[in-house]
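> Sequence:
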Amino acid sequence: MTRTIRVAVLECDTPIPPVVEQVGNYGDIFEGLLKRGSQASRSPVDIQVSKWNVVGNPVYPNPNECDAFLLTGSKHDAFADDTWIVSLTEYVRGVVQQHKKPVVGICFGHQILARALGAPVGRGDGGWEISVEEITLTEAGQELFGQEKLHLQQMHRDIVHEVPEGCINLGYSPRCAVQGLYMPGRVWSVQAHPEFTEFIMSCILKARHDAGVFDDALYDDGKSRASKTTDGEKLGGEIVKFICESVA
Numbered sequence: 000m001t002r003t004i005r006v007a008v009l010e011c012d013t014p015i016p017p018v019v020e021q022v023g024n025y026g027d028i029f030e031g032l033l034k035r036g037s038q039a040s041r042s043p044v045d046i047q048v049s050k051w052n053v054v055g056n057p058v059y060p061n062p063n064e065c066d067a068f069l070l071t072g073s074k075h076d077a078f079a080d081d082t083w084i085v086s087l088t089e090y091v092r093g094v095v096q097q098h099k100k101p102v103v104g105i106c107f108g109h110q111i112l113a114r115a116l117g118a119p120v121g122r123g124d125g126g127w128e129i130s131v132e133e134i135t136l137t138e139a140g141q142e143l144f145g146q147e148k149l150h151l152q153q154m155h156r157d158i159v160h161e162v163p164e165g166c167i168n169l170g171y172s173p174r175c176a177v178q179g180l181y182m183p184g185r186v187w188s189v190q191a192h193p194e195f196t197e198f199i200m201s202c203i204l205k206a207r208h209d210a211g212v213f214d215d216a217l218y219d220d221g222k223s224r225a226s227k228t229t230d231g232e233k234l235g236g237e238i239v240k241f242i243c244e245s246v247a
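Going by numbering that gives the first Met the number 0, the first residue of the sequence shown is number 0, and it counts up by one from there.
Hint data in this document are derived by calculation from the structure and do not stem from the laboratory.
Accuracy of the hints is not assured; some may be wrong.
Unchecked claim - Restraint ranges, calculated between C-beta atoms of paired labels, are given here:
hint, residue 1, residue 2, range
1, Q96, D215, 17 to 25 Å
2, P16, S40, 30 to 38 Å
3, D81, E133, 27 to 35 Å
4, Q47, D215, 40 to 48 Å
To be verified - Under the rule of at most 30 Å between Cα atoms (straight-line distance), these lysine-lysine pairs were calculated in the BS3-like manner:
hint, residue 1, residue 2
5, K240, K74
6, K205, K222
7, K205, K50
8, K148, K222
9, K100, K74
10, K227, K100
11, K148, K74
12, K100, K205
13, K240, K227
14, K50, K34
15, K34, K227
16, K233, K222
17, K222, K100
18, K227, K205
19, K74, K233
20, K99, K222
21, K227, K74
Built from N, CA and C at the ideal position, the CB exists for glycine as well.
Let the sequences and hints guide you as you build the complete structure.
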C-alpha cells in the first residue's frame with residue numbers, strides 16, 4: 000500500500016518571469032523534484048504538496064495537518080527583520096521544537112532554519128557563490144549521501160555562520176563553511192539549490208547581470224559552469240528519504 004505524505008512548501012520568493020513562464024513557481028518546481036525523487040525510491044510514496052506564498056503574507060498551514068515542510072530559496076535576506084521574515088522564523092522554530100515535524104530548508108530556507116534554531120546568519124566574507132560548485136562533505140555528510148563530494152547549483156552571498164545546537168554540518172566549500180544542516184527526524188538543509196537546472200541558473204545569471212548585480216567577469220564565470228552535471232536529482236531523492244524516515 001502506497002503511503003501518502005503531505006508536504007507544505009513555503010514559497011519564500013517568486014521566480015523571475017522567464018522561469019515562471021517555463022516551469023512555474025517554486026512550489027511547482029519542488030513538487031516536480033519531490034515526485035521524481037519518490038518515483039526513484041525503492042518504496043514509492045504519494046507526495047501531496049500544498050503551496051504557501053509567505054512573502055509579506057505570514058499565513059501558514061496548520062502543522063497538525065502536514066507531515067513535513069520545505070522552505071524555498073529567496074532573494075531576500077534571512078537575517079532581515081521584516082515582519083514576515085521574523086514571523087516565518089518563529090513559525091519554523093515552533094514546527095521543529097514544539098510540533099517536532101521535519102523541515103527541509105533550501106538556501107534562504109537553510110538560513111531561516113539556522114536562525115530559528117539560534118545560529119547567526121549574515122553576509123559571507125567570500126562574496127557570491129554562483130553556478131555549479133563543488134561541496135566537500137563532512138564525515139556525517141558522506142555517511143548521509145554515500146559519497147565524498149556533491150556538485151550543486153549555488154546562488155548566494157549570505158551564509159550560516161555557525162552550526163545550531165543539536166545540528167550537524169554536512170559540508171563546506173571555500174566560500175561557505177556550513178553547506179548543510181542535519182538533525183535526525185527534524186532538520187535537513189542545504190545552502191545550494193538542488194532544484195535549479197541549467198535553464199533556471201542561466202535566467203538568473205542574465206537577470207542579475209542585466210541589473211548590474213553581477214559584473215562581466217562574475218557573469219562569464221557563472222555561465223561557464225551553469226551546464227555542468229549536478230547531484231540535484233539525487234538530492235531530490237534524499238529529501239524524500241529524509242521525510243519518509245522522519246514521518247511516523
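> Now tell me, hint by hint, if it's right for this structure.
Evaluation of the provided hints:
no. : hint                      : verdict
1   : Q96 with D215: 17 to 25 Å : violated (46 Å)
2   : P16 with S40: 30 to 38 Å  : holds (34 Å)
3   : D81 with E133: 27 to 35 Å : holds (33 Å)
4   : Q47 with D215: 40 to 48 Å : holds (45 Å)
5   : K240 with K74             : holds (28 Å)
6   : K205 with K222            : holds (9 Å)
7   : K205 with K50             : holds (27 Å)
8   : K148 with K222            : holds (22 Å)
9   : K100 with K74             : holds (26 Å)
10  : K227 with K100            : violated (35 Å)
11  : K148 with K74             : holds (26 Å)
12  : K100 with K205            : violated (38 Å)
13  : K240 with K227            : holds (25 Å)
14  : K50 with K34              : holds (15 Å)
15  : K34 with K227             : holds (23 Å)
16  : K233 with K222            : holds (23 Å)
17  : K222 with K100            : violated (38 Å)
18  : K227 with K205            : holds (17 Å)
19  : K74 with K233             : holds (25 Å)
20  : K99 with K222             : violated (41 Å)
21  : K227 with K74             : holds (23 Å)
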